[in-house]
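J.: All chains should be built: construct the whole structure from the sequences, respecting the hints.
There are 2 protein chains.
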Amino acid sequence: MLIVQKFGGTSVGDLERIQNVANRVSETRKAGNDVVVVVSAMSGETNKLVAYAEHFSATPERGEVDMLLSSGERVTAALLAIALNEMGHAAVSMSGRRAGIVTDNLHTKARIEEIDPSAMHKAIKEGKIIVVAGFQGVSLDGNVTTLGRGGSDLSAVAIAGAIGADLCEIYTDVSGIYTTDPRIEPKAKKLDRISYDEMLELASLGAKVLQNRSVELAKKLNVNLVTRTSFSNEEGTLITKEENIMEKPLVSGIALDKNQARVSLFAVKDRTGIASEIFNKLAQSSVNIDMIIQNVAHDGSANIDFTVPVSDLTDAKAVVDGFIQSGDIKGASYDEKICKVSIVGVGMKSHTGVAAKAFTTMATENINITMISTSEIKVSMVIAEKYAELAVRSLHDAYELDK
Amino acid sequence: MLIVQKFGGTSVGDLERIQNVANRVSETRKAGNDVVVVVSAMSGETNKLVAYAEHFSATPERGEVDMLLSSGERVTAALLAIALNEMGHAAVSMSGRRAGIVTDNLHTKARIEEIDPSAMHKAIKEGKIIVVAGFQGVSLDGNVTTLGRGGSDLSAVAIAGAIGADLCEIYTDVSGIYTTDPRIEPKAKKLDRISYDEMLELASLGAKVLQNRSVELAKKLNVNLVTRTSFSNEEGTLITKEENIMEKPLVSGIALDKNQARVSLFAVKDRTGIASEIFNKLAQSSVNIDMIIQNVAHDGSANIDFTVPVSDLTDAKAVVDGFIQSGDIKGASYDEKICKVSIVGVGMKSHTGVAAKAFTTMATENINITMISTSEIKVSMVIAEKYAELAVRSLHDAYELDK
Chain A
355 MLIVQKFGGT SVGDLERIQN VANRVSETRK AGNDVVVVVS AMSGETNKLV AYAEHFSATP
415 ERGEVDMLLS SGERVTAALL AIALNEMGHA AVSMSGRRAG IVTDNLHTKA RIEEIDPSAM
475 HKAIKEGKII VVAGFQGVSL DGNVTTLGRG GSDLSAVAIA GAIGADLCEI YTDVSGIYTT
535 DPRIEPKAKK LDRISYDEML ELASLGAKVL QNRSVELAKK LNVNLVTRTS FSNEEGTLIT
595 KEENIMEKPL VSGIALDKNQ ARVSLFAVKD RTGIASEIFN KLAQSSVNID MIIQNVAHDG
655 SANIDFTVPV SDLTDAKAVV DGFIQSGDIK GASYDEKICK VSIVGVGMKS HTGVAAKAFT
715 TMATENINIT MISTSEIKVS MVIAEKYAEL AVRSLHDAYE LDK
Chain B
355 MLIVQKFGGT SVGDLERIQN VANRVSETRK AGNDVVVVVS AMSGETNKLV AYAEHFSATP
415 ERGEVDMLLS SGERVTAALL AIALNEMGHA AVSMSGRRAG IVTDNLHTKA RIEEIDPSAM
475 HKAIKEGKII VVAGFQGVSL DGNVTTLGRG GSDLSAVAIA GAIGADLCEI YTDVSGIYTT
535 DPRIEPKAKK LDRISYDEML ELASLGAKVL QNRSVELAKK LNVNLVTRTS FSNEEGTLIT
595 KEENIMEKPL VSGIALDKNQ ARVSLFAVKD RTGIASEIFN KLAQSSVNID MIIQNVAHDG
655 SANIDFTVPV SDLTDAKAVV DGFIQSGDIK GASYDEKICK VSIVGVGMKS HTGVAAKAFT
715 TMATENINIT MISTSEIKVS MVIAEKYAEL AVRSLHDAYE LDK
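If you read the sequences in order, they're chains A and B.
The numbers in this note's numbering rise by one with no breaks, and the one at position 44 of the first sequence is 398.
The numbers in this note's numbering rise by one with no breaks, and the one at position 267 of the second sequence is 621.
Calculated from the structure, these hints are not laboratory results.
Hints may be right or wrong, so weigh each one.
[Unchecked claim] Below 16 Å or equal to it, Euclidean Cα-Cα: the simulated EDC-like pairs (lysine to aspartate or glutamate) are:
| hint | chain 1 | residue 1 | chain 2 | residue 2 |
| --- | --- | --- | --- | --- |
| 1 | A | K684 | A | D659 |
| 2 | B | K384 | B | E440 |
| 3 | A | K573 | A | D495 |
| 4 | B | K402 | A | E754 |
| 5 | A | K541 | A | E399 |
| 6 | A | K402 | B | D368 |
| 7 | B | K476 | A | D495 |
| 8 | B | K691 | B | E743 |
| 9 | A | K544 | A | E597 |
| 10 | A | K595 | A | E570 |
| 11 | A | K476 | B | D495 |
| 12 | A | K574 | A | E597 |
| 13 | B | K541 | B | D368 |
| 14 | A | K402 | B | E754 |
| 15 | B | K543 | B | D368 |
| 16 | A | K544 | A | E754 |
| 17 | A | K595 | A | D546 |
| 18 | B | K402 | A | E597 |
[What the hints assert, rightly or not] Derived contacts from chain B toward chain A, CB cut-off under 8 Å, selection only:
| hint | residue |
| --- | --- |
| 19 | E418 |
| 20 | R428 |
| 21 | V429 |
| 22 | I436 |
| 23 | N439 |
| 24 | G442 |
| 25 | R452 |
| 26 | V456 |
| 27 | G496 |
Every value quoted in this text rests on a predicted model; they were computed, and no experiment measured them.
Note that CB positions come from ideal geometry on N, CA and C, so glycine has one too.
T.: What follows is the structure, given as structure tokens:
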């Protein structure tokens, strides 16, 4: 097999851990696989460099920040290659540039435009283990760029796609994706497999493991993604296309998002296009809208409720205040003490009654549902924040996710 | 003027010092000059990375060492560019690759093959201060290389040559080149100007400031080199071509080399080519020969004396033992308690009596001279090591170098 293995900052946090990573890569190699390793900077290193930059400027030039930060991954890549060579493997490190990773020129948050895999193919053909410095690429005009938060994961997924790897393993300090947050429900079970779409909907469960843009890229490039821990040999969770999942569970997991606030607009004027105007203005202020509910009153005016991330609430209020002043809205209220509980599963597509069971479960626990939204593979409910953990545990039980 | 300024590891040893360097570059810029800065890694950084590599392997692969070490200069270059931008200058950092520095592929001790100055010319034309990561380049096959000890100085000199800079200033913690080592002769004076050839002969005086290969490159590229300190505004020493030095001093400086040993071969057989055989064998064992004296005895056999660096003495002994066993030499003796004192000055070319004065001075002090060698601009004498300081001070006085 051709396997890409990505090790994050904590997995390469010190020299001992880099040796552990070398041992694991060595085992994978000895089992007869071709291996491309993608590494992050040693944990703490990037923060140290950012602090250095901020010593000189509150707004350091982004191109220089990229020059600065990209050095951290190069160090780890070279050290791991040295360790692997010492163990008798032929290993070679590559910067993002050497690995052929071409990005746009949006410094500090560049997007991968294309990968020229020829240098990697050549090295693999020569029997070498490749160690790529993650998180970085080179712009078309030849400058070093970095990919922003979660960038090394993106490097790994994009490389796996470009070289046609059979597997892309993302190693972190978490052993995989669970049916729900084990800190809330200790009976949560690790999933063996999950589809890309389910993973995207369960973002909050995977937040500490994988960013959505890595999953989206894996889906686009059809890369089989595995999240597992570098601290044991425990098997992880395979994130793959739906067709690869034989037994489609009705519900795969329960996600909880406490980072939402509810905005309620009263007596929105009854004129054509008003809703569109409000949401366009919110979009212009970069406010992310999640769920929306509209109730039309007898007089033709409407109440509109929607949820936004707590961090966007101040911006949302400013927009809403504008409409209140212009008289388009009579008033508004805001509630940060809410949360969103979501039930996700590809099996819902072909089964009925999944949502009904969720509502029944909430009713049994006397939890009031204030908003509902559904998609093909997800049912989301907004409830009072104080019921968050109770709701998750009840739903986990109701769908027998511990079985 | 177009000025290259190079700052070594101690000059950029911490964030405060990097800010000091930014201030100095800023002043140079404000005085109306175009500036290209070349920086080393922050002091301690390279040693740290070497220690990391050695944690994994006693013989780390040289290409990986280059990948590892080249990161240090990139960090300094980016930080200095950030500091300069914050001060209102347009500054841009460049890796060795971006600066167009192409080397052979002898990793960890690469030689600069050529410099493509187009990226630097473009940036200068745009009014930018360029900050180049020193010590590094890129091989023709696209891998990062480093230039070995003193590599950042070489980067600076080569860049100054390639872009036709008026001056190449090398900033260290030493204020310039002195008539002799001030720790031996407190009356030693700093030289305003000195020719390339004198500097090369005075290597021991400049050892802590400049390596000979940088001076040789400066001579070849006709680069005006200045060594000065980054810790004050004191003027340094200009190293330039002889034609630029109006008043040619008879003697510019007195150099002392304690790192020599004397090898004496007795009764070397009288047969054609024997001396050539001995010195060829020594060369094959990488023994550096400095001075040679041969005395032919009445029976036709000869005594041959020569000096080698102390570090080559073991290798030299092994070669000599071979000739003793074959009967070509009767015996040999070795003396590490010697030193070499040299008087250097371009003025010697056109003046007589310089060597005679040296011999008289030694005689006055009752110092026995055991070997002498002379070149156009240098007189070297081997004496007992215990007289080293006395000889230096006497000669410094005799040639009135404190005046």
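J.: Are the hints correct? Go through all of them and say.
T.: Structure-based check of all given hints:
| no. | hint | in the structure |
| --- | --- | --- |
| 1 | K684/A / D659/A | 14 Å, holds |
| 2 | K384/B / E440/B | 15 Å, holds |
| 3 | K573/A / D495/A | 29 Å, violated |
| 4 | K402/B / E754/A | 54 Å, violated |
| 5 | K541/A / E399/A | 36 Å, violated |
| 6 | K402/A / D368/B | 13 Å, holds |
| 7 | K476/B / D495/A | 13 Å, holds |
| 8 | K691/B / E743/B | 14 Å, holds |
| 9 | K544/A / E597/A | 20 Å, violated |
| 10 | K595/A / E570/A | 11 Å, holds |
| 11 | K476/A / D495/B | 13 Å, holds |
| 12 | K574/A / E597/A | 15 Å, holds |
| 13 | K541/B / D368/B | 33 Å, violated |
| 14 | K402/A / E754/B | 54 Å, violated |
| 15 | K543/B / D368/B | 31 Å, violated |
| 16 | K544/A / E754/A | 14 Å, holds |
| 17 | K595/A / D546/A | 13 Å, holds |
| 18 | K402/B / E597/A | 50 Å, violated |
| 19 | E418 | 5 Å, holds |
| 20 | R428 | 5 Å, holds |
| 21 | V429 | 5 Å, holds |
| 22 | I436 | 4 Å, holds |
| 23 | N439 | 5 Å, holds |
| 24 | G442 | 11 Å, violated |
| 25 | R452 | 7 Å, holds |
| 26 | V456 | 15 Å, violated |
| 27 | G496 | 7 Å, holds |
In summary, the numbered hints that this structure violates are 3, 4, 5, 9, 13, 14, 15, 18, 24, 26.
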